[in-house]
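**Student:** Those protein sequences? They're chains X and L, same order as listed. Going left to right, the first sequence walks through residues 1 to 157 as my numbering numbers them. Going left to right, the second sequence walks through residues 1 to 579 as my numbering numbers them.
No lab work stands behind these hints: they were computed from the structure. Any given hint could turn out to be false.
[As the list claims (entries may be wrong)] Computed Cβ-Cβ distance ranges for the label pairs, DEER-style:
| # | chain 1 | residue 1 | chain 2 | residue 2 | range |
| --- | --- | --- | --- | --- | --- |
| 1 | L | D373 | X | A19 | 45 to 51 Å |
| 2 | X | D17 | L | D349 | 54 to 60 Å |
| 3 | X | D53 | L | E218 | 20 to 26 Å |
| 4 | L | E329 | X | K149 | 47 to 53 Å |
| 5 | L | D123 | X | D17 | 54 to 60 Å |
| 6 | X | R54 | L | R463 | 39 to 45 Å |
| 7 | X | S27 | L | A419 | 27 to 33 Å |
| 8 | L | R31 | X | Q90 | 29 to 35 Å |
| 9 | X | R54 | L | E452 | 31 to 37 Å |
All C-beta atoms, glycine included, are put in the ideal place defined by N, C-alpha and C.
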Amino acid sequence: MGIANSLGRDAITTRLDAAIGWARKYSLFQYPFATACCSMEYMAVACSHYDIDRFGAGLPRWSPRQADLLMVVGTISHKLAPVLCQVYEQMCDPKWVLSFGVCATSGGFYDNYGTVQGIDSIIPVDIYVAGCPPRPEAVLDGLIKLQKKIQGERQEY
Amino acid sequence: MSLLQELSQEFGQAVLSTHARLGEETVVLQRKRLLDLIRYLKNKRGFDFLMDLTVVDRLEEVPRFQVVYHLYARETNRRLRIKVQVAAKDAHLPTLTGEYRIADWLEREAWDMYGVVFDGHPDLRRILMYEGFEGYPLRKDYPKERRQPRVGPGSTEKTAFDKTPSIADVLVLDDPDTSQAAVSSGTGIKEEIMYLNLGPSHPAMHGVVRISVALKGETVIASDVEIGYMHRCFEKEAETHSYTGVIPYTDRLNYVSPLINNVGYAMAVEKLFEVETPERCQYVRVIMSEISRITDHLTCVGAFAMELGAFTIFLYLMKSREYLYDLIEDVTGARLTTSYTRIGGLKGDLSPDFKEKCREAFRKVREDIQECDNLLSRNRIFFDRMRGVGVITPEDAISCGFTGPCLRAAGVAYDVRKAEPYLVYDRFDFEVPLGTDGDCYDRYQVRMMEMEQSMRIVEQALRNLPGGPICLDDKRMTLPPKELVYTTIEALMNHFKLIMDGHGIRPPAGEAYMPVEGGNGELGFYVVSDGTGIPARVRVRAPCFALVAGLSHLIRGRMLADVVPIFGSINMIAGELDR
Numbered sequence: 001m002g003i004a005n006s007l008g009r010d011a012i013t014t015r016l017d018a019a020i021g022w023a024r025k026y027s028l029f030q031y032p033f034a035t036a037c038c039s040m041e042y043m044a045v046a047c048s049h050y051d052i053d054r055f056g057a058g059l060p061r062w063s064p065r066q067a068d069l070l071m072v073v074g075t076i077s078h079k080l081a082p083v084l085c086q087v088y089e090q091m092c093d094p095k096w097v098l099s100f101g102v103c104a105t106s107g108g109f110y111d112n113y114g115t116v117q118g119i120d121s122i123i124p125v126d127i128y129v130a131g132c133p134p135r136p137e138a139v140l141d142g143l144i145k146l147q148k149k150i151q152g153e154r155q156e157y
Numbered sequence: 001m002s003l004l005q006e007l008s009q010e011f012g013q014a015v016l017s018t019h020a021r022l023g024e025e026t027v028v029l030q031r032k033r034l035l036d037l038i039r040y041l042k043n044k045r046g047f048d049f050l051m052d053l054t055v056v057d058r059l060e061e062v063p064r065f066q067v068v069y070h071l072y073a074r075e076t077n078r079r080l081r082i083k084v085q086v087a088a089k090d091a092h093l094p095t096l097t098g099e100y101r102i103a104d105w106l107e108r109e110a111w112d113m114y115g116v117v118f119d120g121h122p123d124l125r126r127i128l129m130y131e132g133f134e135g136y137p138l139r140k141d142y143p144k145e146r147r148q149p150r151v152g153p154g155s156t157e158k159t160a161f162d163k164t165p166s167i168a169d170v171l172v173l174d175d176p177d178t179s180q181a182a183v184s185s186g187t188g189i190k191e192e193i194m195y196l197n198l199g200p201s202h203p204a205m206h207g208v209v210r211i212s213v214a215l216k217g218e219t220v221i222a223s224d225v226e227i228g229y230m231h232r233c234f235e236k237e238a239e240t241h242s243y244t245g246v247i248p249y250t251d252r253l254n255y256v257s258p259l260i261n262n263v264g265y266a267m268a269v270e271k272l273f274e275v276e277t278p279e280r281c282q283y284v285r286v287i288m289s290e291i292s293r294i295t296d297h298l299t300c301v302g303a304f305a306m307e308l309g310a311f312t313i314f315l316y317l318m319k320s321r322e323y324l325y326d327l328i329e330d331v332t333g334a335r336l337t338t339s340y341t342r343i344g345g346l347k348g349d350l351s352p353d354f355k356e357k358c359r360e361a362f363r364k365v366r367e368d369i370q371e372c373d374n375l376l377s378r379n380r381i382f383f384d385r386m387r388g389v390g391v392i393t394p395e396d397a398i399s400c401g402f403t404g405p406c407l408r409a410a411g412v413a414y415d416v417r418k419a420e421p422y423l424v425y426d427r428f429d430f431e432v433p434l435g436t437d438g439d440c441y442d443r444y445q446v447r448m449m450e451m452e453q454s455m456r457i458v459e460q461a462l463r464n465l466p467g468g469p470i471c472l473d474d475k476r477m478t479l480p481p482k483e484l485v486y487t488t489i490e491a492l493m494n495h496f497k498l499i500m501d502g503h504g505i506r507p508p509a510g511e512a513y514m515p516v517e518g519g520n521g522e523l524g525f526y527v528v529s530d531g532t533g534i535p536a537r538v539r540v541r542a543p544c545f546a547l548v549a550g551l552s553h554l555i556r557g558r559m560l561a562d563v564v565p566i567f568g569s570i571n572m573i574a575g576e577l578d579r
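Chain X with its partners taken away, still in its complex shape (with noise of 0.2 Å):
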């Protein structure tokens, strides 16, 4: 407490991992995998109804290179998966992947030769978001509880 006193009331302290956390997690570049139903979903969160702006993640990115976090929309078939797979590669780190509905997450009621069983069976996943699509209120909820992660989580940089 020294330190803080020290510093008069212009200045706070603050861990550094904390500062980056908070940094992080308000200046999400998201690069919408869309692929299904879920994408009607992703284009309602994304609008000025549900508005996902508000949360800081508003700006799409087009090129995994420039995003941090991969929103898988919808169903992966295995025709599909090696490009899923490329596109993660591709992204630089820190990374994070929320799975948006439940076919991203477990395959949902596909059960069958052509679609993937689950995309954390090929990628690392840090939130699953249930629904068949989910509402855009579910996306946000999802979006709320993977900053809370970043924020809390070890920052590499």
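Given chain X, work out where chain L should sit, using these hints.
**Tutor:** Quick look at chain L alone, frame taken from chain X:
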């Protein structure tokens, strides 16, 4: 003389049998005369559309496969089904690619899914599945859960990513000489053929289509469209679920207008039962279908305007769509995946204050559409990028199997709601907007005008909405009311019979093809019943499939930058494209 009699006479012994059931005419034919019959029907009897081509696998029977062709004649407004039976060991048929352009992709799919070979097909390769995939997944003896992953657990070297053929191997250039390393143009600058890959992970490809193009300068000289990235095996799933269990899967075919899919599927099964739903149910189905059509067109126009840089339009139209989603949610309980219809009726009635809410929502939607029209229709940038781009002639559009707004933009007045009015569409006064040039701008205009017509239909339907039940009173398909199930043994047994495995809804053995006007065109459900509680085959004639199959034709000779508006204007919906 009826068409069936005429064909029997004309083709004699080759016609094995003919029948007309449920108002559908069928010819069962020997393989060797197939091409003759198709040519006869096309050239002499005006069957200009090959609506669908599919296979039915009858594992226990000999011959095993039935290849089913659905033809449609626009002038005389008739349909004909042709069936050819082939054995598993000798599953060969002549190709129809010379007669109908759409046959190219339909035959590739039949080969991919069933292993039926079409002799003379120029490019018979996998379409929905990938290189390295073994077996034919829709065959009855292919287990539903047998996966062949390309990455992750269980993947083998055979299905590895790098086995995907390179663009240069796939593309066929008209003039083989141009594929040589360099071409010298008049200026002395060497022009090379450049291969470019768009997608599947590309914002304008909506995540699931890959277009490979060969460019000379900026001009597309050849292209290949790869689909199947969203193949979720709808048709295989349908063969393992009860008739009611299939309904949620139909939502997710064209997820931009799910209610139309619900209605189409339910009507196909009702056709097998030869029943008609109560009048109120039919009105409500019309209302919900038309609201769905508006959401479809709003999404389509919004998305392709955004891809051309008009982001404001996207925001406005998505806002509008929310008003309609609120309406849909009010009635069905879900915004998007509605599962609203039941065989023989509906899940529930309209909400009590639906009329007022609908009036208010339409007022706001009309405002937004007007705003969009003001901003877009005479916008120099938008107009110049749309007008004269992606032109298709009526003849080509028909040969490519185009239906819906894309066909009508080319000036062909075919709308299932007018041609073969189903439900109560014949009671409403509405127009079918037509284009003249068949370009992107016309496709945009047709969609804008159709939204107004859909709102007119809904308003008329709400004005004349009759009372009465919304479900058919039929023990074979309608669940008894819960109050009765809990108090009487008859209703309890009835409930049990409809719900339990091995019982359920059992349409009489037979087959039915039910076309409805989907957001993108003719959406047909071909349902085959063997009398059990599980469908023997559910086939979807997805309008999108034909549109995307014609994409290569549309972009050839255009500039690279035109690919985006052309692709946007055909409104590809992956769910129904790949099923």
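**Student:** Return the numbers of the hints above that this structure violates; sort them in rising order.
**Tutor:** Failing hints, ascending: 3, 4, 7 and 8.
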